[in-house]
Amino acid sequence: MAKRKEEHFFSPENAKRPRQEELEDFDKDGDEDECTVSFTNGISTLTAAEVGIIESIQLRNFMCHSMLGPFKFGSNVNFVVGNNGSGKSAVLTALIVGLGGKAVATNRGSSLKSFVKDGQNSADISITLRNRGDDAYRANVYGDSIIVQQHISMDGSRSYKLKSKTGTLVSTRKEELIAILDHFNIQVDNPVSVLTQEMSKQFLQSKNEGDKYKFFMKATQLEQMKEDYSYIMETKERTKEQINQGEERLTELKRQCLEKEERFQNIAGLSTMKTNLEYLKHEMAWAVVNEIEKQLNAIRDNIKIGEDRAARLDRKMEEQQIRLNEAEKKYKDIQDKLEKISQETDARAPECIALKADVTAKKRAYNEAEVLYNRSLNEYKALKKDDEQLCKRIEELKKSTDQSLEPERLERQKKISWLRERVKALQDQENSVNQETEQFQQAIEKDKEENTRIKREELDLRNTLNYNQRQLKELKDSKTDRLKRFGPHVPALLEAIDDAYRQGRFKFKPVGPLGACIRLRDPELALAIESCLKGLLQAYCCHDHKDERVLQSLMKGFYSPGTSRPQIIVSEFQEEMHDVKNRAAVHSEFPSVLTALEIDNVVVANSLIDMRNIESVLLIKNNSVARAVMQSQKPPKNCREAFTASGDQVFSGRYYSSENTRAKFLSKDVDSEISDLENEIENKKAQILNLQQHLSTLEKDIKRNEELLRRCQLHYKELKVKIRKSISEIRELENIEEHQSVDIATLEDEAQENKSKMKMVEKNMEQQKENMEHLKSLKIEAENKYDAIKLKINQLSELADPLKDELNLADSEVDNQKRGKRNYEEKQKEHLDTLNKKKRELDMKEKELEEKMSQARQICPERIEVKKSASILDKEINRLRQKIQAEHASHGDREEIMRQYQEARETYLDLDNKVRTLKRFIKLLEEIMSHRFKTYQQFRRCLTLRCKLYFDNLLSQRAYCGKMNFDHKNETLSISVQPGEGNRAAFNDMRALSGGERSFSTVCFILSLWSIAESPFRCLDEFDVYMDMVNRRIAMDMILKMADSQRFRQFILLTPQSMSSLPSSKLIRILRMSDPERGQTTLPYRPVTQEEEDDRS
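Heads up, the sequence shown is in the numbering used here, so the first residue is 13 and it goes up one at a time.
Treat the hints with care, as some may be off.
[What the hints assert, rightly or not] Straight-line C-alpha distance at most 16 Å; calculated EDC-like pairs for lysine to aspartate or glutamate: (1) Lys771 to Asp398; (2) Lys374 to Glu793; (3) Lys593 to Asp622; (4) Lys328 to Asp556.
[Claimed, not checked] Computed spacing ranges between beta-carbons, pair by pair: (5) Glu690 to Gln807: 49 to 57 Å; (6) Gln236 to Met211: 13 to 21 Å; (7) Arg875 to Glu587: 54 to 62 Å; (8) Gly547 to Arg722: 50 to 58 Å.
Don't read these hints as lab results, they were simulated from the structure. Here a beta-carbon is modelled for each residue, glycine too, at the ideal position from N, C-alpha and C.
Make a model of the complete structure from these sequences and hints.
Dropping the structure here:
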């Protein structure tokens, strides 16, 4: 292998010995790594890369390595060898990232922070670039080397330090690094400069001819040229847009220029305008007098109307006082009736209490007598049963014989024991069954209670569902007509009102419904305002009681008897809203109901103020804030109550929650309400269905438990019968005695004594029964008396209930009449104040008229008839003055008008010249770009031809044949390779080749691109990974041959193969990476010399 490589690469033995002077010059220049020796036809020349190559690289906490390097690279061929994980690819990745490349370009990570070693806060990369010779970048600043240091933080940010050879910091700006890379023609994202392992694999495995074409375009920088061409064409289009805008501007400038010229030419008619101005002043003087006279007449008319209204208010107040007296008298009469009924009820109360106590005592005595009677009856039954048993026993004893009764006695004892055990077992069963019975009864009772509760809940849900369905229908109807929200009959009723008003049946047209005449300033307060105004939203306003009666007759046609009708408010219509400044609630944060509404109709505003005092009701959205404002501290001045956004009512000492959850009349978002209501209806239906299912389950449980209870009760009765029967048998057996030990006479005496007791008990029973019947009659008599007086008291209560309702209505009527009286008093006071104000205004206007007439006579002694108003004359005077001033200015400074005209003309000509220049530029640019595009096509054709020639030449070194087809129109590149003699077989696509053949072909393609593209260094990662020994040898020879022919470039080749067979040469440097040991932080490396390789072999 070594001999083969020495044949294909230069060796000292095959060339003439270089001169000693030249070698000494090499030693003086620096390290042997930084120079190369070239032998051509026996003559040695010194060629070394001077700028842009990598001199060294060092890594710290980069990827999975704590410390790598510093690596010192030779100026020509460098092999970085080592096993996987030793850090080869980390060096290449650091080279891309350290020179400003993006993380995705390395195919090793998606962001920079992924390159920081786990457990560390940052990573550092240091790269030294050669900077010698005539093409050096700012050699006086950086020297012979440029050190690029990059610091990567955990958050993915990075910073740069650019230092000179001596270590002096020169710059930290990325723009400086970009300038350096542009100067050296270094492109880390160009696959010709750096071909990573992943990019190589993708290229090898790619089946897309478009990807190969893109690879070629990017490697040769044709893609960048194409993008520049596209950018220039876009710039040309933007310039055309500017030309269009300039042409539009030219039209405007031309118009302005013509205006200036016209103004310059039109200067005349000053004397006529001055004469017209004087006449307009005369008209203006008397026009002011005319307007003041009109104002005086209007004020006099208003005063007359105000005096008439004051008289009407006096009459209204007298009528209101009469109605108030009648309401108070009615209230007093009802109160007297209630007082009389109350006194009568109070008078009967002691008798009722006494009778109730008597009934209770007689019931107790009757119950005690009944208990004694029942006790005697039970005693008599027991004595009678004992008598029957004694008689039976005596008869049995008399019939008994003298036979031996011992076996019978034993048998009786045995049977008695068995019966007692049976009784005990039956009693245990009885207790168990009794417990089960109680459990079933409790379960049935619980299920029945649950059943009742669910039925009640279902009924509530059905009522709510019906209400929601009606409300949904009303909302859907209101989408076409908003008035239907206030009732289905409202639109028809309003049409009837309009018809009646046109017929003259109303003095003033009624206003309503009031809710349709107001608008909300804040939609969130809709529910609060509805909770405050309630039925007033559907109410109507009438001017007087005559109009009210007409409206009532109209309503009868739309509202059936028994149904509720809208409220009708009778109050005289006024043109001005009540002055509520002194009694209105004022708060810096929260509005009152009055300020929260937009009310265009004064009648509506006054009605709401009179009926609900909306000026003293605050609106506070938050419930807790409302409590704090109204209850935790002193309420705001004049504030009686407040309402929250949820409709709750808050007083200083009380809080009432609202039953409504949404606004019905004032909400604006009808579609949202319909959607919410439909969802709520569906929820209610689902809840009803669930309740019905639950009811069905409960009813089944109740039936099953009742059946089980019936069985338990039946079993319990059977057990009772068995127990009684067994006990009876035991008693009978125990009462049997032997004939020899029985004294019949004793038994007969006992029977006789028992009969005596029976007679005594029977006699006592008769006495107790008589007493019980007597007590029963007394009890019934007492109950009848108590029921009679109770009935009388209930009748009195029934009489009192409607009177209480009437009293409440009468009380409400009294309050209304008092409120009406106060309202009239306030109106009268406000009206008199307004009337006095107008009288004072009349006096002032009369004085002003005298002054204006005096001034007008001074300007124009004789009064003239004026048809125009003072404001119109004032505008004409101002307009004429401005025109005269403009003409004066024109006559006074003729040069200024000329200057403006010249400036407008010059501006127009300047812009016209610029537009023409841009048009010429666009035309020239189009010609240049057409030429450049042709040149670009020729250059592209030249590069493709060179690439094909190099590719064929390289393939021929292994007797391969191939061809490359470029389709620039479709942007595809197809490569066909045939191993062996090309004329013996057809060309095959690279996908049909073996792995080694395809890798060899790829190397040929890459070397072809190297031959036609410029870059100071080439990096190739694992170029021979898929090659066999033969292809690897040939590829290596080709790479070394190209490196020998391009001594001014640097080649960095990464491979896992051992390069021990390479010839010893100063042009070749091998950096061998050792496998990292456990706990090792710095990977050892050193160059391997040819002598060490020979010693090893």
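Status of the hints after comparison with the structure:
Our distance criterion of 16 Å between C-alpha atoms is met by Lys771 and Asp398, whose separation comes to about 14 Å. For the hint pairing Lys374 with Glu793, the CA-to-CA distance comes to about 10 Å; that is within 16 Å, so the pair holds. Using a Cα cut-off of 16 Å, the hinted pair Lys593 and Asp622 holds, with the two alpha carbons roughly 14 Å apart. Taking the CA atoms of Lys328 and Asp556, the gap is about 11 Å. The hint holds against a cut of 16 Å.
Checked against the given bound of 49 to 57 Å, the beta carbons of Glu690 and Gln807, roughly 52 Å apart, stay inside it. Between Gln236 and Met211 the C-beta distance comes to about 18 Å, which sits within the given range of 13 to 21 Å. At roughly 35 Å, the beta carbons of Arg875 and Glu587 sit outside the given window of 54 to 62 Å. Checked against the hint of 50 to 58 Å, the pair Gly547 and Arg722 passes, with Cβ atoms roughly 57 Å apart.
The earlier numbered hint that this structure contradicts is number 7, and it is the only one.
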